[in-house]
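Asker: Sequence:
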Amino acid sequence: MSFRFENKVWLSSPTMHGEEIKYVQEAYATNWMSTVGANINEVERLAAEKVGCKYAVALSCGTAALHLCTRLAGERLYGRAKPGQGSLMGHKVFCSDMTFAATLNSVAYENGEAVFIDTERDTWNMDPASLELAFQQFPDVKLVVMAHLYGTPGKCDEIRKICNAHGALLVEDAAESFGATYKGVQTGMFGDYAAISFNGNKIITGSSGGMFLTNSKEDADKVRKWSTQSREPFPWYEHEEIGYNYRMSNVIAGVVRGQFPHLEEHIAQKRAIYERYKEGFKGLPVSMNPFDAANSVPNFWLSCMLINREAIAADGACEPGKTTPAAVLQAITDMNAEGRPIWKPMHMQPMYKNHPFVSAPIASSSQNVIASEAKQSIADVGADIFARGLCLPSDNKMTPEQQDAIIETIKECFA
Numbered sequence: 001m002s003f004r005f006e007n008k009v010w011l012s013s014p015t016m017h018g019e020e021i022k023y024v025q026e027a028y029a030t031n032w033m034s035t036v037g038a039n040i041n042e043v044e045r046l047a048a049e050k051v052g053c054k055y056a057v058a059l060s061c062g063t064a065a066l067h068l069c070t071r072l073a074g075e076r077l078y079g080r081a082k083p084g085q086g087s088l089m090g091h092k093v094f095c096s097d098m099t100f101a102a103t104l105n106s107v108a109y110e111n112g113e114a115v116f117i118d119t120e121r122d123t124w125n126m127d128p129a130s131l132e133l134a135f136q137q138f139p140d141v142k143l144v145v146m147a148h149l150y151g152t153p154g155k156c157d158e159i160r161k162i163c164n165a166h167g168a169l170l171v172e173d174a175a176e177s178f179g180a181t182y183k184g185v186q187t188g189m190f191g192d193y194a195a196i197s198f199n200g201n202k203i204i205t206g207s208s209g210g211m212f213l214t215n216s217k218e219d220a221d222k223v224r225k226w227s228t229q230s231r232e233p234f235p236w237y238e239h240e241e242i243g244y245n246y247r248m249s250n251v252i253a254g255v256v257r258g259q260f261p262h263l264e265e266h267i268a269q270k271r272a273i274y275e276r277y278k279e280g281f282k283g284l285p286v287s288m289n290p291f292d293a294a295n296s297v298p299n300f301w302l303s304c305m306l307i308n309r310e311a312i313a314a315d316g317a318c319e320p321g322k323t324t325p326a327a328v329l330q331a332i333t334d335m336n337a338e339g340r341p342i343w344k345p346m347h348m349q350p351m352y353k354n355h356p357f358v359s360a361p362i363a364s365s366s367q368n369v370i371a372s373e374a375k376q377s378i379a380d381v382g383a384d385i386f387a388r389g390l391c392l393p394s395d396n397k398m399t400p401e402q403q404d405a406i407i408e409t410i411k412e413c414f415a
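So for the sequence shown, the numbering used here puts the first residue at 1; every next one is plus one.
Calculated directly from the structure, the hints in this document are not laboratory data. Among the hints, a few may not be true.
[As the list claims (entries may be wrong)] Here are the simulated DSBU-like cross-link-like pairs (lysine-lysine), alpha carbons at most 35 Å apart as the crow flies: (1) Lys-411 <-> Lys-8; (2) Lys-183 <-> Lys-397; (3) Lys-225 <-> Lys-50; (4) Lys-92 <-> Lys-344.
Please model the entire structure based on the sequences and the hints provided.
Answerer: What follows is the structure in C-alpha cells.
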C-alpha cells in the first residue's frame with residue numbers, strides 16, 4: 001500500500017469543542033487553580049446525574065478512583081489496614097483477565113493477590129462460568145473486580161448474581177465504558193463501588209481525571225478525605241490514617257465540564273465508525289468486537305477486529321486469504337494511522353505470571369459470536385482473542401474517506 005495520510009489518523013485522541021477553554025479561563029480568572037472550585041462541583045454533579053448514582057467524587061485519574069474502590073472494599077471486608085500493609089493484605093481477589101493493567105494494579109496497591117478470571121466471547125469481558133468455577137476453587141474470596149472492555153458492558157446481571165450468592169463485593173471498572181448501558185442502566189451502577197476515567201483517549205476527556213461513583217454518602221465522604229491526604233477536621237494538620245494526593249484539579253475539571261455536553265455526540269460518532277468497519281469488512285474472514293445487542297448499548301470507544309482462526313497466516317508466510325494481526329497493524333502504521341494490539345491478558349504479563357488463572361472448560365458463548373468461534377472450546381479465551389485481534393483506528397475526527405482507505409488497506413492484507 002503506497003497511500004499515506006498527510007496527517008496521522010489516531011486510535012482515539014481528544015476531541016475538543018471550545019467550551020472547555022471557557023471553564024479553564026474561569027478557573028484562572030477566579031484563581032481557583034487547586035483542588036477546589038466550581039468546576040469540580042459541577043462535574044461531580046454531572047457525572048452522578050448521568051450515571052444515576054447519588055454521589056460522585058472527582059479524582060486525579062481513573063486509576064486513583066479504582067485504588068480507592070479497592071481500599072474501601074478491603075476495609076469493609078477486613079477492617080482498617082495497618083500502615084504499610086494495605087486493606088487486602090493476604091487476601092485473593094477475582095479480577096478481569098483481559099484488561100489494562102490499572103484494573104489489577106489497584107488490587108496490588110492494597111497488597112491483595114489477583115486471581116485472573118478468563119474472558120467470554122460474547123462481550124470479551126469476565127466470563128461468568130469461569131467466575132463461578134473460581135468460587136468453587138477459592139471459596140473464601142470476597143471481592144471481584146470487573147472491567148467493561150473497550151466500552152462494551154459485561155454480563156452485569158450474571159456477575160452480580162454470582163457475587164451475591166457468594167457474599168462477595170463487586171468493584172466495577174467502567175473507565176472505558178462511560179455512557180454505555182446494560183438493560184437501560186448506565187455502567188457504573190452495578191458495582192458496590194465504581195470508577196470512570198477522563199484520560200486523554202477516553203470518550204470524553206479532561207486530559208486526565210477520574211471519578212468515584214457511589215450511592216453511599218459515607219463512602220463518598222471517606223474517599224474525599226482519603227484523596228486529600230486524610231486530613232482530620234483540626235486547625236492544624238492532623239492525620240489518623242494514610243491518605244493520597246488524588247483530588248482532581250479545578251483546571252482539569254474545567255476541561256471535563258466543557259466536554260460533558262458532547263458525550264452523546266461522541267458516542268454516536270464512535271458507533272458510526274464501528275458500523276462502517278462492520279459493513280466494510282463484509283466478505284472478509286473477520287468479525288468485530290461483539291456486544292449483547294438485546295441487553296446492552298456500548299459507547300463504542302474502540303472498534304476492534306478479530307481474524308477468523310482459519311484465516312491466520314503462518315508466521316512469515318504469505319498466503320492468499322490469510323494474514324496476521326501484526327501484518328494488519330504494520331499496514332495501518334505504514335499509511336500513517338494508529339492501531340494497537342488487543343490488551344494482553346494479565347495472566348500472561350511477566351509481573352503476574354505466578355498468579356492463579358481460572359478458565360471454565362468451555363467459556364460462555366451464544367448467538368452473538370460467529371459459528372466457527374462458538375464451536376471452539378479453547379480453555380484460554382483471552383489468550384486466543386489476544387493472538388487474533390487488534391484495535392482499529394477509532395478517532396471520531398476520522399473522516400469517512402480516511403476510514404474507507406483504512407478498510408481498503410486491511411482488505412489488501414488478505415489479498
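Asker: Against each hint, give a clear statement of whether it holds in the structure.
Answerer: Each hint tested on the structure:
1. A hinted pair counts as satisfied when its Cα atoms are at most 35 Å apart, and Lys-411 with Lys-8 qualifies at roughly 20 Å.
2. For the given pair, Lys-183 sits about 29 Å from Lys-397 by alpha-carbon distance, which is consistent with the 35 Å threshold.
3. Simply put, Lys-225 and Lys-50 have alpha-carbon atoms about 24 Å apart, close enough for the 35 Å limit, and the pair holds.
4. Among the hinted pairs, Lys-92 with Lys-344 is consistent with the structure: their alpha-carbon atoms are about 21 Å apart, no more than 35 Å.
Violated hints: none; the structure is consistent with every hint.
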